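> Residues per chain are reported as follows:
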Amino acid sequence: DAGVIQSPRHEVTEMGQEVTLRCKPISGHDYLFWYRQTMMRGLELLIYFNNNVPIDDSGMPEDRFSAKMPNASFSTLKIQPSEPRDSAVYFCASSPQGREKLFFGSGTQLSVL
Amino acid sequence: AQSVAQPEDQVNVAEGNPLTVKCTYSVSGNPYLFWYVQYPNRGLQFLLKYITGDNLVKGSYGFEAEFNKSQTSFHLKKPSALVSDSALYFCAVHNYGQNFVFGPGTRLSVLP
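Chains as they are written, first to last, in the numbering used here: chain A, 1 to 113; chain B, 1001 to 1112.
Derived by calculation from the structure, the hints in this document are not laboratory data.
Hints are supplied without guarantee of correctness; some may be wrong.
Some but not every residue of chain A turned toward chain B, in silico, with C-beta under 7 Å [to be verified]:
no.	residue
1	K24
2	G42
3	L43
4	I55
5	R64
6	F91
7	F104
8	G105
9	S106
10	G107
Keeping only pairs whose Cα atoms sit at most 20 Å apart, straight-line, the calculated SDA-like set for lysine to any residue is [stated by the list, open to error]:
no.	chain 1	residue 1	chain 2	residue 2
11	A	K68	B	N1099
12	B	K1022	A	G42
13	A	K68	A	G28
14	B	K1077	B	N1099
15	A	K24	B	K1058
16	B	K1049	A	K24
17	B	K1058	A	H29
For clarity, every value in this text was computed on a predicted model and none was experimentally measured.
Cβ atoms here follow ideal geometry from the backbone N, Cα and C, with glycine treated the same way.
Construct the entire structure; sequences and hints are all you get.
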């Protein structure tokens, strides 16, 4: 298995632009998580899905952030409009069950200028 | 509320010496406990987990962790450190009906 695949690896954009981050979880995993990592705040859970349904989005910082999972093999995290304070590394992770170990992707390094 | 503390931002150890990375948690009930490692420009990788049973858990790359319920601690250990162990280490807890909560991370530097 190729593991959790995220794209792009790096994204540089200007303030106000729309950003879409993509994730392909490991096949057969029922849970998908989006995390954000910064030096100041560490690793923060943004949202997670179970069987493609959003379960907890309380970590989504603002309405500018949205996430979808149209099918079991694909999820997106969208920021519109983007702001410099959104600059961070965004990780997608999947898990076969809710309390099992997480498998992380390599992350997307987002820089908003 | 659940919380995880890693009291040391940085741990330095000489190659070949034993290492310990500390973790304490504040969670009600019987949580699952995890250690993850993050190498530069990579996602977190699972090292080991504790669910129940023996307080000493063995994991990947020669790492082990000791669960202490009375001290609510789950310290990561390795008998002999390698330079390649240098990375960022995260402790995490997961309680039933809750989400994963990660500690702030500890940077381990193994000096040759």
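> Are the hints correct? Go through all of them and say.
Outcome of the hint check:
1. K24: This hint is violated: A:K24 lies away from chain B, its Cβ roughly 13 Å from the closest one there, beyond 7 Å.
2. G42: holds (5 Å)
3. L43: holds (4 Å)
4. I55: violated (9 Å)
5. R64: At 22 Å from the nearest chain B Cβ, A:R64 fails the 7 Å test, so the hint is violated.
6. F91: holds (5 Å)
7. F104: With Cβ-Cβ at 3 Å, under 7 Å, it holds.
8. G105: Status holds, d = 5 Å.
9. S106: Holds - the Cβ of A:S106 comes within 7 Å of chain B, reaching about 5 Å at its closest.
10. G107: holds (5 Å)
11. A:K68 <-> B:N1099: Roughly 19 Å separates the two Cα atoms, so the pair holds.
12. B:K1022 <-> A:G42: The hint holds at about 17 Å.
13. A:K68 <-> A:G28: Holds. A:K68 to A:G28 sits at ~18 Å (cutoff 20 Å).
14. B:K1077 <-> B:N1099: violated (25 Å)
15. A:K24 <-> B:K1058: Given that 20 Å is the threshold and the Cα spacing comes to 30 Å, the pair is violated.
16. B:K1049 <-> A:K24: Violated, at about 25 Å.
17. B:K1058 <-> A:H29: This hinted pair is violated, its Cα atoms lying about 25 Å apart.
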